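Given chain A's structure and the hints, the job is docking chain H onto it.
Next come the chains, spelled out residue by residue.
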Amino acid sequence: MEKSAYDILKHYMPTFPRKHAGKIITNTTEFMSIDYGDVMYLDGKHYLVNKNLSERRFGLEDPKYWVKRCKELETGKHQIIKLEFYEKFDISIGTIRSSCYRSPRKESRILKLVDGDMRFMQGKTVLDEKGNCVRILDIIYGSELDVALDHLPVSHEEYFNTIFPDYFAKFIGAVKAIAHLHLNHEQHGDIRRDHLLIESDTKNWRWIDFDYAFGLRENPFALDLFGLGSILLLLVGQREITAQQIGTLEQSQTEAVTAEDMALAMPYRLANIQKRYPYIPDTLNNICMHFSAKNSVFYSSVTEFVSALLTCFHELPVFKSARRRYPEV
Amino acid sequence: MNIYNILVAFDSSKPSFEAVEYTARMIRSIPDVLVTLLFIERLPDKDLFESEALWRAECAELVVEYKRKLAKARGLLLSNNIHKKAINEEYIISCSSPFEDAKVCTTGESIAQDILAIQEEGNHGTVVIGRRGISKEEEFLFGSVSAELLRKFTKCALWVVSSNCD
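From first to last, the protein sequence lines stand for chains A and H.
Residue numbers for the first sequence follow the numbering used here, so the first one is 1 and each next one is one higher.
Residue numbers for the second sequence follow the numbering used here, so the first one is 1001 and each next one is one higher.
One or more of the hints may lead you astray.
[Said to hold, decoys possible] One side of the interface only, derived from the structure: several residues of chain A facing chain H at Cβ under 10 Å:
hint, residue
1, ASN50
2, ASN52
3, GLU55
4, LYS88
5, PHE89
6, GLY94
7, ILE96
8, TYR101
9, LYS106
10, ALA213
11, LEU216
12, GLU218
13, PHE221
14, PHE226
15, ALA293
[To be verified] The calculated EDC-like cross-link candidates involving lysine to aspartate or glutamate, where the alpha carbons are at most 16 Å apart (straight line), are:
hint, chain 1, residue 1, chain 2, residue 2
16, A, LYS88, H, GLU1050
17, H, LYS1136, A, GLU260
18, H, LYS1046, H, GLU1061
19, H, LYS1069, H, GLU1021
20, H, LYS1046, H, GLU1109
21, A, LYS51, A, ASP62
22, A, LYS176, A, GLU304
23, A, LYS64, A, ASP43
24, A, LYS45, A, GLU74
25, A, LYS294, H, GLU1137
26, A, LYS275, A, GLU260
27, H, LYS1072, H, GLU1021
28, H, LYS1069, H, GLU1137
29, H, LYS1152, A, GLU304
30, A, LYS112, A, ASP209
31, A, LYS130, H, GLU1139
32, H, LYS1046, A, ASP35
33, A, LYS320, A, ASP209
34, A, LYS294, H, GLU1138
35, A, LYS294, H, GLU1050
36, A, LYS71, A, ASP138
37, A, LYS64, A, GLU74
38, A, LYS170, A, GLU157
39, A, LYS77, A, ASP138
Just so you know, the hints here were simulated from the structure itself, not pulled from any lab data.
What you are looking at is a predicted structure, and each value in this text was computed from that prediction instead of being measured.
For glycine and all other residues, C-beta sits at the position ideal for the given N, C-alpha and C.
Same shape as in the complex, but just chain A (with noise of 0.2 Å):
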């Protein structure tokens, strides 16, 4: 095994430059010192680093040192790697908070699960000498769903009736994709609307990251649900509607908004988007009305509320020529 990348890179990429050219690295565990130039040896393919990505939250930016782009240098493919990393934290959803973990051997299972199924992001797992849990991913090139959204140059009114049926029977498929996971088993454990991406050329709706775990709960898959009734509030509403801005509309515009109308977990959100926009039907609304503070009956399941959208998107006015497109939904 040659100690300097430079050989490697010298016979892939003649034109990298020398002084960048790092180490070769076999073994992941000090994946904090794998930087740009260094090449990681996995699998018996070569893989260049280019940098470590990083998660914006906030307006701010967060490098994530276990998650590197890379670039196969034997095919030219470029690729995100993961790291073997495990830690635990704590998350807020609203005032409740929870333990948290990231496990790679949750990532991986789940990769196994659905290879060939292209509602999920796609990789394979690989062991580096030392036997880390590296995950190789293929990239998603394309659009995380709240900046689709927010793209999107229409008023409410027009989004409801032209674009969102479409998105309505994505999300549909989307959901379905995690009712998959849950009837193996699995939970996805971190849904988000930044983990949804729209691929530019195909225009599926695909799930990524599934490294979180958490610990004992009465319902393992109620996370997950509560994450999907938030993109569901997302979709109606074309994008998060807070009290706030209910607040600076005026009075004649809207009716008077209760603490019931928010979200459950999180008050600041409108759960009941008819109060923003009355033309939103009953049958959708009493769906989303299931994530406010005045529900006390939740979803017990995925599949209960796959069975409630289904509902919707057939019988609907609205959604009627979107059934002709998407006869599978």
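For chain H alone, coordinates are given in the frame of chain A:
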């Protein structure tokens, strides 16, 4: 169904001890009563641990603790003058247990469903469960066994014992 064939769902928590005590006080003067302490083993997910060895060690500690508390619950019934012949124990092991294999095990995905299955199988006419008193938000985010039981149980009596029931 025999209403005096009582199933107490016990999970070693404080509310479940209170449910056992409540049951004991309710039935101690009734003859021919049968109480089954049902423990549905819940072990942490292997995903939460960096190695199999760490997970097994945690599971081993938990199982010892569960069985110690189950014995304590039995003691609570005995100290309330329930005859030892009137007390049964049913310990349902976790399907992911690293220590035991069993024909009947629990996946941990629906404790309420597990209780329902044992109730039907054992012809229990009364089911008792303690309630933690969680908020609506917690129930929404993490689920609640007692709320799930209230939704699903239709064939027998369900006693939901809240903390500090005197």
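How the hints compare with the structure:
| no. | hint | verdict |
| --- | --- | --- |
| 1 | ASN50 | 28 Å, violated |
| 2 | ASN52 | 22 Å, violated |
| 3 | GLU55 | 21 Å, violated |
| 4 | LYS88 | 8 Å, holds |
| 5 | PHE89 | 12 Å, violated |
| 6 | GLY94 | 6 Å, holds |
| 7 | ILE96 | 6 Å, holds |
| 8 | TYR101 | 5 Å, holds |
| 9 | LYS106 | 4 Å, holds |
| 10 | ALA213 | 4 Å, holds |
| 11 | LEU216 | 5 Å, holds |
| 12 | GLU218 | 4 Å, holds |
| 13 | PHE221 | 8 Å, holds |
| 14 | PHE226 | 6 Å, holds |
| 15 | ALA293 | 8 Å, holds |
| 16 | A:LYS88 with H:GLU1050 | 11 Å, holds |
| 17 | H:LYS1136 with A:GLU260 | 13 Å, holds |
| 18 | H:LYS1046 with H:GLU1061 | 15 Å, holds |
| 19 | H:LYS1069 with H:GLU1021 | 13 Å, holds |
| 20 | H:LYS1046 with H:GLU1109 | 15 Å, holds |
| 21 | A:LYS51 with A:ASP62 | 13 Å, holds |
| 22 | A:LYS176 with A:GLU304 | 11 Å, holds |
| 23 | A:LYS64 with A:ASP43 | 23 Å, violated |
| 24 | A:LYS45 with A:GLU74 | 7 Å, holds |
| 25 | A:LYS294 with H:GLU1137 | 11 Å, holds |
| 26 | A:LYS275 with A:GLU260 | 12 Å, holds |
| 27 | H:LYS1072 with H:GLU1021 | 11 Å, holds |
| 28 | H:LYS1069 with H:GLU1137 | 29 Å, violated |
| 29 | H:LYS1152 with A:GLU304 | 15 Å, holds |
| 30 | A:LYS112 with A:ASP209 | 14 Å, holds |
| 31 | A:LYS130 with H:GLU1139 | 42 Å, violated |
| 32 | H:LYS1046 with A:ASP35 | 31 Å, violated |
| 33 | A:LYS320 with A:ASP209 | 34 Å, violated |
| 34 | A:LYS294 with H:GLU1138 | 15 Å, holds |
| 35 | A:LYS294 with H:GLU1050 | 41 Å, violated |
| 36 | A:LYS71 with A:ASP138 | 11 Å, holds |
| 37 | A:LYS64 with A:GLU74 | 26 Å, violated |
| 38 | A:LYS170 with A:GLU157 | 19 Å, violated |
| 39 | A:LYS77 with A:ASP138 | 9 Å, holds |
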